[in-house]
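S.K.: So you can see what is in the structure, the chains are spelled out below.
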Amino acid sequence: MKEQKKKTTIVLFSGDYDKAMAAYIIANGAAAYDHEVTIFHTFWGLNALRKDEQVPMKKGFIEKMFGKMMPRGADKMGLSKMNFAGMGPKMIKKVIKKHNAMTLPQLIEMAQEQEVNLIACTMTMDLLGLKEEELLEGIEYAGVAAYLGEASEGNVNLFI
Amino acid sequence: MKEQKKKTTIVLFSGDYDKAMAAYIIANGAAAYDHEVTIFHTFWGLNALRKDEQVPMKKGFIEKMFGKMMPRGADKMGLSKMNFAGMGPKMIKKVIKKHNAMTLPQLIEMAQEQEVNLIACTMTMDLLGLKEEELLEGIEYAGVAAYLGEASEGNVNLFI
Amino acid sequence: MKEQKKKTTIVLFSGDYDKAMAAYIIANGAAAYDHEVTIFHTFWGLNALRKDEQVPMKKGFIEKMFGKMMPRGADKMGLSKMNFAGMGPKMIKKVIKKHNAMTLPQLIEMAQEQEVNLIACTMTMDLLGLKEEELLEGIEYAGVAAYLGEASEGNVNLFI
Chain C
2 MKEQKKKTTI VLFSGDYDKA MAAYIIANGA AAYDHEVTIF HTFWGLNALR KDEQVPMKKG
62 FIEKMFGKMM PRGADKMGLS KMNFAGMGPK MIKKVIKKHN AMTLPQLIEM AQEQEVNLIA
122 CTMTMDLLGL KEEELLEGIE YAGVAAYLGE ASEGNVNLFI
Chain P
2 MKEQKKKTTI VLFSGDYDKA MAAYIIANGA AAYDHEVTIF HTFWGLNALR KDEQVPMKKG
62 FIEKMFGKMM PRGADKMGLS KMNFAGMGPK MIKKVIKKHN AMTLPQLIEM AQEQEVNLIA
122 CTMTMDLLGL KEEELLEGIE YAGVAAYLGE ASEGNVNLFI
Chain Z
2 MKEQKKKTTI VLFSGDYDKA MAAYIIANGA AAYDHEVTIF HTFWGLNALR KDEQVPMKKG
62 FIEKMFGKMM PRGADKMGLS KMNFAGMGPK MIKKVIKKHN AMTLPQLIEM AQEQEVNLIA
122 CTMTMDLLGL KEEELLEGIE YAGVAAYLGE ASEGNVNLFI
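Residue numbers (the numbering used here), protein chains in the order written: chain C, 2 to 161; chain P, 2 to 161; chain Z, 2 to 161.
Watch out, some of these pointers could steer you wrong.
[Claimed, not checked] Here are the simulated lysine to any residue pairs, SDA-like style, with alpha carbons at most 25 Å apart:
1. C:K95 to C:P106
2. Z:K59 to C:I97
3. Z:K77 to P:E64
No wet-lab data here; the hints were simulated from the structure.
Whole structure, please, built from the sequences with the hints as guidance.
M.R.: Below is the structure:
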């Protein structure tokens, strides 16, 4: 009888570079230990999945404002602490490089290679006016029901 | 033999409108899937349960200050990101209305209708000087032991 | 046959006094109920484990800056909300004293007495330039693999 795979699920709510790093480090670790891993991106966490170029889209006024004010992709995100108007992320990226660690965009790429399920929450995409065309390729789109289905079977469930 | 219900528990520590929305959306989803759901409100998360009118109470100086400075009820809470001195919550409420989604007070009402256990942490109520008379009707009052009893049987446990 | 102990794991990512209090209150509660408890300190959560005196160390420029800007130990940490340039923590400490509750340094001491496993994440120590000599005695040092090993057996797993 085949043993069932362990499951790890993460709700990535935060749009902070450091918190998203923590989420993706745990996710990649769990995938390396052969867990089935899901990251459910909601609210500001969706920004980690945005493409870095601007994708011209027809949008309402508020949606346009959200689109402009939110960071366009993982590399542009700020820190949860000691952001110092962008100085903090530069410092973090320098030490990441120095220690041969991985940047957030590299961690996301690795997660995709390891077949971590990257899900974008459709309800909050609607609220923030984000369209599928603006997000990375290879993402799944689902709602809270899909998340709960995974999480209720999960060994490790985190909200970040 | 009756199958046991799944359990979902959420510690709502945050006093941010968006984070509390996420907590209540997950809680309502889990209740709809017939989970037994508990939200344990502690620290700033207690503000989601405050009545919106002022309840005159005899309090010490610090407790009075906390009472004045903290938002009086779910509708007054700010955003964790892009709050812009209250502009952000207005924008979020506009898009919620536009997409026929539910506001935080509506989500809380729905949770009560679905018999989600809303617990206020008595220890942090003491610290912040909040009294039972200031909180919504139908709330339970308990401490960390009650939370741990639920969570140690939980399928999905989150800290938000 | 001996029943297996329940397990609680907490990732303490946050460097906020109030969030760390919540983490240590839950951890101490779980230990009192005979859970095996692990707190995995990563990123800003490492500051809770710093000694309060300065430990002279040879460091690079960025590491020195991080060291200077981050709070030196639990007692120096700020609040996640209403910090008011340090006023908030003073208010919280006053009400803690008034209600005979425990301060964060006392909660950490109690956790050590109850044999809660306090782990410092070695990868983020490297990034932030923190050395073992700067952290409290009795701490363990490990990476995300050790965390995942514990968490995948955990009954309650939280990210704070």
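S.K.: Each hint needs a verdict: does it hold in this structure or not?
M.R.: Right, here's what the structure says about each hint:
For a cut-off of 25 Å, the pair hint linking K95 (chain C) to P106 (chain C) stands: about 15 Å separates their Cα positions. Proximity of K59 (chain Z) to I97 (chain C) is assessed by CA-CA distance (about 19 Å); at most 25 Å being required, the pair is judged to hold. In summary, the hint linking K77 (chain Z) to E64 (chain P) is supported, as the alpha carbons are separated by about 22 Å, within the 25 Å threshold.
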